[in-house]
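Number of protein chains: 2
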Amino acid sequence: MTEEQLSSNHPPLPPTTEEDRFSWLRLLRSRKVGPATFRRLLREHGSAQNALAALPEMARAAGIEGYEICPPGVIEAELKAAKAAKARLLYLGSADFPAALNDLNDAPPMLWAIGNVSLLQQPAIAMVGARNCSSLGARMARGLATDLGGKGHVIVSGLARGIDTAAHIAALTSGTIAVMAGGVDVIYPAENTELAHNIASNGLRLSEQPMGVTPQARHFPRRNRIISGLAQAVVVVEAAAKSGSLITARDALDQGREVLAVPGHPFDARAAGCNLLIRDGATLVRSAEDVIEALPQKDDLFSRKPDQPPAPAAPRSQDLHVQILERLGPSPIAEDQLLRDIAASAGELGPALVDLELDGRIQRQPGGLLSLAG
Amino acid sequence: MTEEQLSSNHPPLPPTTEEDRFSWLRLLRSRKVGPATFRRLLREHGSAQNALAALPEMARAAGIEGYEICPPGVIEAELKAAKAAKARLLYLGSADFPAALNDLNDAPPMLWAIGNVSLLQQPAIAMVGARNCSSLGARMARGLATDLGGKGHVIVSGLARGIDTAAHIAALTSGTIAVMAGGVDVIYPAENTELAHNIASNGLRLSEQPMGVTPQARHFPRRNRIISGLAQAVVVVEAAAKSGSLITARDALDQGREVLAVPGHPFDARAAGCNLLIRDGATLVRSAEDVIEALPQKDDLFSRKPDQPPAPAAPRSQDLHVQILERLGPSPIAEDQLLRDIAASAGELGPALVDLELDGRIQRQPGGLLSLAG
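As you go down the protein sequences, you meet chains A and B in turn. Sequential numbering from 521 applies to the first sequence in our numbering. Sequential numbering from 521 applies to the second sequence in our numbering.
Hints may contain errors.
No distinction is drawn between identical chains; accordingly, a pair holds when it is met within one copy or between any pair of copies.
Unchecked claim - Simulated pairs of lysine to any residue, SDA-like, Cα-Cα distance not exceeding 20 Å:
1) K762 <-> S807
2) K671 <-> H530
3) K600 <-> K762
4) K606 <-> D616
Derived by calculation from the structure, the hints in this document are not laboratory data.
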């Protein structure tokens with residue numbers, strides 16, 4: 521294994537055999553394996569097959585009773601559904617996987633795709649906004665998507681009502697990508713069925729969820745990180761205060777993406793979110809020219825050659841793992857105590873502990889106590 | 521004369537006798553004497569009387585034929601008109617003169633005032649915007665003026681139609697100042713006659729122009745520098761691209777004032793100027809709170825004790841005078857050549873040459889040639 525492969529943020533080598541591909545999907549679909557854990561398991565065990573073989577014992581060592589890896593029948597069913605939907609699986613690290621996502625700490629290890637995957641090789645701009653947008657907002661979205669599409673930018677959005685719908689429709693011929701919250705074969709909302717079919721024919725539909733999954737509330741923020749992750753910039757067209765679009769915008773900032781917003785009059789509640797973003801430093805958008813002017817130079821994002829590793833942005837969760845392991849010893853201490861000792865919130869600590877348990881590196885003791893695994 | 525009085529930017533000592541006050545006004549009303557020249561003449565000659573006595577000879581030495589200082593009858597007529605209009609004259613450097621204007625290189629040496637001059641001692645916010653504003657814009661102006669007035673801020677504007685009118689009306693009871701483009705006794709537009717009377721009764725009207733002057737196009741930008749100069753911040757409520765409000769905003773930036781703007785939808789042409797300002801860095805305004813948050817701390821602008829000189833910001837015109845004098849000698853050179861040699865535009869050079877001619881320090885020769893005065 522080369523040093524490059526050991527670098528925590530470098531994408532893994534993609535699977536090369538049928539068996540390997542099957543194991544990748546099976547590993548990701550196994551309980552308690554999210555994108556970050558998937559990547560670490562692959563790194564630590566060298567292959568998905570090895571990781572799958574090690575998982576039950578790791579779970580047992582972490583005190584998880586009756587842990588089972590995903591049964592092969594589930595994967596067979598998913599592959600069958602994908603075939604019926606004409607969906608193909610894109611693997612992190614392979615040439616057809618969107619390079620822009622490699623940078624993310626929690627990049628999806630695999631994406632289901634229906635449509636023209638070559639759109640993933642073009643520069644993309646995300647457009648998001650209110651579901652219950654005004655006609656003015658929809659018109660703005662159409663105008664921006666048409667003009668940006670005309671200048672060679674793929675429009676990424678979420679197939680929702682309102683702004684998303686307007687942006688996708690306007691960019692159907694120039695190129696548009698819909699990132700779905702549920703399975704790539706589950707169209708939501710139903711009123712966008714025709715649009716979803718048109719996107720499959722002319723554009724691209726993507727999802728990290730298993731085939732057939734009905735979208736639930738928790739899927740949307742996960743999906744939004746892919747929308748912003750695929751794009752050089754995120755344009756918020758119309759958004760109320762405290763709307764989901766604002767969360768996407770903040771995620772985009774965390775991902776180092778440009779965030780732009782279309783202003784509106786302060787008396788228009790549907791502009792409140794956009795005005796807030798602009799007040800906080802987002803670039804004000806009046807036209808497609810404003811968006812293009814704000815884009816990073818192409819060199820910044822797309823000129824990196826595939827054989828160069830990305831900038832070594834150590835994922836926050838890695839730091840946290842190190843902190844936790846340094847503070848734990850063979851004698852158990854309370855989780856509360858650990859939380860006070862390290863620079864993390866309870867919300868961050870929880871998942872990190874699950875990761876470490878699953879890795880078999882820490883053990884839970886009765887009474888909420890934690891210790892290093894013996 | 522103390523060193524402080526010699527500092528170019530420090531306000532002069534105000535006149536103390538009736539004769540002195542008469543001479544101040546007469547000097548300012550004399551041909552080719554603008555605010556900057558007035559200040560320099562007063563500094564160089566010690567008193568307005570001395571400056572008036574020296575002016576004709578200075579003009580002759582500068583090659584200006586038949587120069588005459590302002591006849592006393594003109595001043596007597598102006599004072600009579602002022603008495604009829606119940607206007608009083610505020611002198612630069614006196615306690616009732618607005619301290620915020622002292623900082624300006626081209627502060628008016630005198631201002632006619634009708635109404636409550638104590639409003640000049642309170643913190644002020646300027647509101648400007650389109651004459652042909654939308655009802656939304658007028659409503660925004662009313663709301664901001666009411667809320668800012670309620671928090672103790674005097675609202676300064678220009679008595680124009682539209683945004684100005686809405687702002688003045690809303691701030692009538694809390695305190696408002698109208699800076700007039702023409703004479704303080706000449707109400708323009710006529711439809712604002714009642715408002716102008718109400719401002720005289722409850723607020724304050726100001727003008728640097730002679731009594732009775734009908735406002736002309738060239739007066740408005742001069743007037744606008746006083747509007748922004750009086751205020752800590754300038755709020756542009758609604759403004760089209762290339763509108764006068766944008767010029768006021770840029771002047772305000774030059775004066776070191778905060779510039780804020782109310783956004784609007786890009787499809788609304790009446791918001792184009794405001795959106796442009798925000799894109800260029802003006803603070804986005806949704807409410808009075810946004811304005812107050814953007815204000816400089818009181819210490820910055822109002823805590824300077826009257827006996828402390830302002831920060832020594834050497835006026836650009838002074839630099840230019842030095843540059844010109846350094847490049848000229850007894851042998852005449854062409855004005856074009858001078859322009860190429862110094863870091864100034866033709867628009868800046870012209871007034872500087874007139875100043876220096878009037879000062880008797882340079883001479884014009886036939887054929888557009890210039891030389892140092894012998």
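Hints versus structure:
1. K762 <-> S807: between (25 Å within a copy, 18 Å between copies)
2. K671 <-> H530: Classified as neither; 32 Å inside a copy, 56 Å across copies.
3. K600 <-> K762: neither (40 Å within a copy, 62 Å between copies)
4. K606 <-> D616: For K606 and D616, the Cα distance is within 20 Å only inside one copy (16 Å; across copies 82 Å).
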